[in-house]
Amino acid sequence: MIKVALIGAGKMGISHLSILGAHPDVEIVGVADTSKMVNDVLEKYSGFKTFTDYKKMLDAVKPDAVFVAIPTKFHADFVAELLNRNIHLFVEKPFCLKVEQSEKLSAIAKEKKLINQVGYHNKFISTFEEVKRLVSGGHIGNIQHFLGEAYGPVVLKKKQDTWRSDPEEGGGCLMDYASHVIDLLNHIVAPINTVHGSLLKPIYSNKVEDAVYALLETENKISGVLSVNWSEETYRKMSTSITVIGSEGKIISDASELRVYFKSANCPTGYSKGWNVKYVTDLTEQVDFYLRGEEYSAQIDYFIKAIKGEVPNNKNTFESAAKTDKVISLIKNNKNNA
Amino acid sequence: MERILFGDNQFFAVNHISDEKSRAQSIKFKEDKTILDTIDIARDLGTETFMCTTHDRIINICEMVRQNPEKYKNFSILPCMPYAHKYANAVTELGIVGTIQQYVPGNFLGTMFKGGLAVMSKDYLSIMELMVDAEMKMFKKINTPVIFLQNVVTDLLLGLGMKDILKAYHDYVIKKYNVEPGFITMNMPKLLAVLESVGIQNPIICSSINKAGFRMSGGMEIYEKTLREKQVRAIAMQVLGGGAIPAKEALEYVCNLPNVSSILFGASSKQNIAQTISLIHEFDEKKK
Ligand SMILES: NC(=O)c1ccc[n+]([C@@H]2O[C@H](COP(=O)([O-])OP(=O)(O)OC[C@H]3O[C@@H](n4cnc5c(N)ncnc54)[C@H](O)[C@@H]3O)[C@@H](O)[C@H]2O)c1
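Top to bottom, those sequences are chains Z and L.
According to this note's numbering, the first sequence is numbered sequentially starting from 6.
According to this note's numbering, the second sequence is numbered sequentially starting from 3.
Note that these hints are calculated values from the structure, not bench results.
Keep in mind that the hints are not guaranteed to be accurate.
As the list claims (entries may be wrong) - Below 30 Å or equal to it, Euclidean Cα-Cα: the simulated DSS-like pairs (lysine-lysine) are:
(1) K268/Z x K67/Z
(2) K30/L x K41/Z
(3) K169/L x K163/Z
(4) K310/Z x K192/L
(5) K169/L x K49/Z
(6) K165/L x K54/Z
(7) K8/Z x K88/L
(8) K162/Z x K35/L
(9) K165/L x K162/Z
(10) K310/Z x K227/L
To be verified - Across the chosen pairs, the derived CB separations fall in these ranges:
(11) S277/Z x D39/L: 33 to 43 Å
(12) P273/Z x D166/L: 47 to 57 Å
(13) K30/L x W280/Z: 19 to 29 Å
(14) K67/Z x D34/L: 25 to 35 Å
(15) I29/L x Q149/Z: 25 to 35 Å
Virtual Cβ for every residue (Gly too), placed ideally from N, Cα, C.
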């Protein structure tokens with residue numbers, strides 16, 4: 006059994022806790038949250054040991070691994086302390102507010118050979134994995150251009166401030182929403198290293214942007230466009246999609262449906278010339294416990310397997326998340342505030 | 003419980019495999035009247051039970067039903083609560099305490115949270131009870147023979163090991179509404195074992211059951227074994243496996259499983275509704 010503890014039992018943390026609770030190889034040894042009410046409920050009904058001070062928890066329960074799901078501004082300090090104590094880490098996205106922190110922590114984790122993973126769950130969605138396979142295998146030829154989009158109904162009116170509406174704390178559409186798309190583009194196409202221009206537009210919020218538009222370029226000189234808006238009420242929930250245009254074909258994919266066009270009959274098995282459609286249901290593997298999407302269970306299972314040495318620690322590493330943080334900062338520094 | 007239950011996903015742009023289809027659906031069902039007309043098509047074909055989320059738009063549907071008591075005298079609704087998106091958005095915006103304050107009626111909590119943290123176990127359960135009552139308001143005077151807990155909540159509690167809350171929900175629905183409690187889950191065998199462990203016998207559990215094994219967590223073998231060997235009133239949903247299986251093959255599979263009391267399906271055209279209902283009857287007949 007892997008001894009796992011959670012820090013931050015908010016929206017994301019509770020979801021992780023539930024999936025961990027159902028995992029056969031995991032023993033939940035403690036939960037740390039500053040909210041007394043949350044701790045009270047978890048003690049009473051789940052029987053977990055809870056703490057308000059995470060360091061006290063670490064001293065008391067000595068976990069093998071910790072899930073960090075506190076507001077993003079705390080990630081860097083907490084992760085530094087946890088690495089110092091040689092604990093395997095799953096950290097929520099985005100990784101850190103500053104790239105320098107992300108890079109430093111990534112180097113430490115690597116040097117100490119600790120398993121490290123960040124919660125970019127889209128990489129565990131089978132349609133996107135298939136896009137990655139098709140692109141990396143050269144099946145649509147040389148990539149010419151890409152488009153990464155995400156829309157959803159998060160901020161639909163002027164509202165009360167929370168940590169999400171404060172740029173200093175990791176709030177805003179860029180950090181919270183666009184980060185998912187950037188991370189996916191980095192993974193599928195190639196790491197983005199240049200931003201030719203960006204617009205960060207407030208729609209309802211006072212202090213942060215509600216939409217992000219940017220012109221991007223990868224390190225191997227492929228151009229692309231990012232278009233993300235979390236004040237989009239025509240969507241029922243977050244919808245992320247990726248379009249990749251290549252010399253031999255084109256791919257359009259979201260989390261549920263993958264459409265691929267091949268210019269010639271020279272395409273991988275299971276595909277033919279012209280349009281092909283595949284659904285997530287055809288591509289997805291069953292999970293042992295389902296809470297809110299296979300990908301949330303699959304990413305946790307992968308992390309636990311990596312600790313057990315059954316899979317390599319090569320998905321959503323701190324290193325890859327640091328590259329995403331890098332692009333976020335490039336976009337910020339390039340902004341022309343609309 | 004009726005053998006065939008009519009569901010609501012198609013009305014609220016919930017399509018598990020295509021965002022584009024979702025969009026087309028939300029255009030088609032823009033008017034509440036169109037939703038009720040489609041429910042009427044199912045009713046005319048003998049399916050008088052509508053199973054739905056406590057979505058805001060159901061408030062209107064219920065109102066229209068109440069206005070025609072004669073027409074809807076045999077009609078019943080199986081509410082599935084809570085409408086999770088509403089609360090998830092509220093938690094982002096207002097935090098947990100703020101959400102409770104917004105959705106739990108009365109000033110009960112104002113006083114409770116002011117007094118710091120003298121919250122007792124019983125009070126958390128009364129929050130749950132007040133939330134159930136708040137969600138049930140829209141169904142006033144409508145026949146609701148089973149009240150379901152949505153899978154997000156059931157499975158969250160299941161993973162967290164909060165079986166006392168599942169049990170408290172179960173008992174409250176019986177005590178307050180004198181109807182049957184039901185549970186929706188994506189983890190049927192695990193849930194059944196936990197419900198049995200708190201003394202709930204032969205529960206009503208709605209879960210994905212389909213020939214493709216889609217969303218049958220842990221694998222379809224364990225589901226089939228549970229259905230064969232345990233006592234449960236199972237409702238099969240997502241019988242088409244998210245579109246992976248042709249209707250005929252899909253329905254033949256679920257109709258022939260033991261302990262599947264009801265089949266939940268959704269469709270938006272008269273043709274698909276009629277086809278599904280007649281196929282279920284056909285396979286049920288053959289089994290006899
Ligand atoms: N992967 C995703 O799609 C996704 C979705 C939502 C949030 N997130 C990320 O998860 C993280 C948390 O977000 P959330 O929405 O769960 O926030 P939240 O506000 O709901 O939860 C944060 C929790 O941390 C607790 N906390 C704050 N400071 C603490 C401290 N010093 N010690 C212990 N506990 C503390 C709070 O009491 C709260 O319960 C963020 O990094 C966010 O970006 C990721």
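**Message:** Going through the numbered hints above, which ones does this structure break? Give me the numbers in ascending order.
**Reply:** 1, 2, 3, 7, 9, 14
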